[in-house]
Amino acid sequence: MAESMAHQSAEQVRPVSAAGRRRRRASQDGKGWIFVGPFLAVFALTFLAPIGYAIYLSLYRNQAFFGGKVFVGIDNYTEALQDPKFWEAFGRVAAFLVVQVPIMLILALLAALAIDSARLHASGFFRIVIFLPYAVPGVVAVLMWGYIYGDNFGLAANLNDLFGTTAIQPLSAHWMLPSIANIVTWEFVGYNMLIFYSALRTVPGELYEAAAIDGAGTFRTIRAVKLPALRGAIVIATIFSIIGSFQLFNEPNILRTLAPNVITTYYTPNMYAYNLSFAGQQFNYSATIAIVMGVITAIIAYVVQLRGSRESL
Amino acid sequence: MSTLTSPLRPKRSKLLTGAMVLYLIYTLVPLLWLLLSATKTQDDLLSTPGLWFGKSFAFFSNIKDTLTYNDGIFLRWLGNTVLYVVVGAGGATLLATAAGYGLAKYKFAGRRAVFAVLLGAVAVPGTALAVPTFLMFSNLGLTNTVWAIIIPSLVSPFGLYLMWVYATDAVPHELLEAARIDGAGEVRTFFTVALRLLAPGIVTTLLFAVVSTWNNYFLPLIMLSKPNLYPLTVGLTQWSNQATGVGARPIYNLVITGSLLTIVPLVIAFLLLQRFWQSGLSAGSVK
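Sequences listed follow chains L and B, in order.
Mapping of the first sequence onto my numbering: residues 350 to 662, in sequence order.
Mapping of the second sequence onto my numbering: residues 6 to 292, in sequence order.
The following block holds chain L by itself, in its conformation from the complex:
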């Protein structure tokens, strides 16, 4: 209060109405909490509290025979970092990420550029149809593709019948990861396409005119005008896709019923954490795995963001 009075007297030369408005603004600014508070309260309960609780759990271990729990410090973490099951799962999602994310984002980028190019017949129709899979619940997408993949009925069996082979086995150990990648790609190309397309729409028309006057052709314009305009959107889409890949759970977990011998209980880190908790009752170790994955994800997302913004300078 004293501060705002001093502030006022220092600016007495200014018209009264301006000072009055500033004072009113200052007292109103505190009221921002009325609007932000409810969100933050639920956020604290559903985000911050579980994170805190997970950290607490990860520092303890249940005693198998005596009952009760003991403080073990970072023992759970050293165990996790030396756990071959964890690293196998991690390696799998990392391989998935390195292959699937670029394919998906490049397809989305090409689709967005094509739709934005004005060279396409019925571009509005393409935009909405390619986006459509996003409206399909992930669970339904996996069930649908799972049946299509199956050799019982579905298209894989039809194709094998047609060519008289048994070569197409999407649910075999060798093909499972690409099969999952196909489902995820099918689901999310349209969503990413829309993010890119929305960013392209905000490019001012004068930039295109300038490029045209400079004699830039289609591909030159894409490189010099469109891609720079897309940089922010690409960084965001990459971060979301990385987080999504590390979280991989729904697809393998549902396909597990169709291929129980191919998909292990520790196929992805998330499935490992889930099965440790709900099949093994190892809540402390499960929380540790979750935190390790969270930290790795956050670090990688941060690095991508840093690199993305540095390149834009």
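Bear in mind the hints are in silico, worked out from the structure with no lab data behind them.
In this text the structure is predicted, and so the values were computed from the model without any measurement.
Keep in mind that a hint or two might mislead.
Said to hold, decoys possible - With a straight-line Cα cutoff of 25 Å, these simulated DMTMM-like cross-link-like pairs (lysine to aspartate or glutamate) come out: (1) L/K418 to L/D432; (2) B/K112 to B/D174; (3) B/K112 to B/E191; (4) B/K16 to L/D432; (5) B/K19 to L/D465; (6) B/K112 to B/E182; (7) L/K380 to B/D187; (8) B/K60 to L/D510; (9) L/K380 to B/D174; (10) B/K60 to B/D70; (11) L/K418 to L/E428; (12) L/K380 to B/E191.
What the hints assert, rightly or not - Here are a few chain B residues that sit away from chain L, every Cβ distance over 12 Å (derived from the structure): (13) K19; (14) A24; (15) I78; (16) G84; (17) V91; (18) L202; (19) V208.
Quick reminder that beta carbons are idealized off the backbone N, C-alpha and C, glycines included.
Starting from the structure of chain L, add chain B where the hints point.
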């Protein structure tokens, strides 16, 4: 001729359209398969080609069977999903709208801290939180209640970000000042003045919150063990699991028809509201 064609309005390309048609086919084939399969009996499913009709047209009897199987449990799941979506996504949109507006239009202390915490939390995998959330809720006695699904659905960091960006430009300060001079309180100003201007952003946020709640699988999977509280997603996978294991009773035709019925409402919502969400998204991507 070619010199007359402005680069700003290039002529349509058959090659490009052809390439896009290929992608379109990839997008549509699974959905076509689902639609055709929903017209088949279980026998036809196993014995007739996937991308054509079966020997009999069982679409309507499949729908009837889906809705009545197991005393109409599917309708129960549908009702649960609607409840979770209306309260969860509706509440998430309200909270995100109010908070985005608050962050955009009030320069209070701690505003930057809120931003930093949100950004950090978004990087933490949602599923990584699921196990601790489950344990916490179980201590609070909330597991196996509707609240276990609704409360976590109420937070949409993406929605908050969208509304924040949107509110910054959509609600002019002068208008708020004018309402204040007229003596309207802050809350009343929000509801009478700001809300209307925020409408396109709200529709976008609501639509994406609806999708994530409607599609929610992991959370209900761990929180609920009573089938009569399941949403459609968990219920359908349970039906699908029925086909394997001891005492298997496959009901492929019902899983497929149920899947189709689960998709339809969202597809309709997206098609009807596309004008709104596409403009809302464009605004969100400006920043």
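Do the hints match the structure? See the list:
1. L/K418 to L/D432: Answer holds: L/K418 to L/D432 is near 22 Å, not above 25 Å.
2. B/K112 to B/D174: holds, 15 Å
3. B/K112 to B/E191: With Cα atoms ~14 Å apart, B/K112 and B/E191 stay inside 25 Å; holds.
4. B/K16 to L/D432: violated, 59 Å
5. B/K19 to L/D465: holds, 15 Å
6. B/K112 to B/E182: holds, 15 Å
7. L/K380 to B/D187: Holds, at about 18 Å.
8. B/K60 to L/D510: holds, 19 Å
9. L/K380 to B/D174: holds, 20 Å
10. B/K60 to B/D70: holds, 19 Å
11. L/K418 to L/E428: OK: L/K418 and L/E428 at ~17 Å, within 25 Å.
12. L/K380 to B/E191: Holds, at roughly 8 Å.
13. K19: violated, 8 Å
14. A24: Incorrect as stated: the minimum Cβ-Cβ distance to chain L is 7 Å, not above 12 Å.
15. I78: holds, 16 Å
16. G84: holds, 17 Å
17. V91: holds, 17 Å
18. L202: holds, 15 Å
19. V208: Check passes; 15 Å lies beyond 12 Å.
Hints 4, 13, 14 from the list above are not met by this structure, while the remaining hints are.
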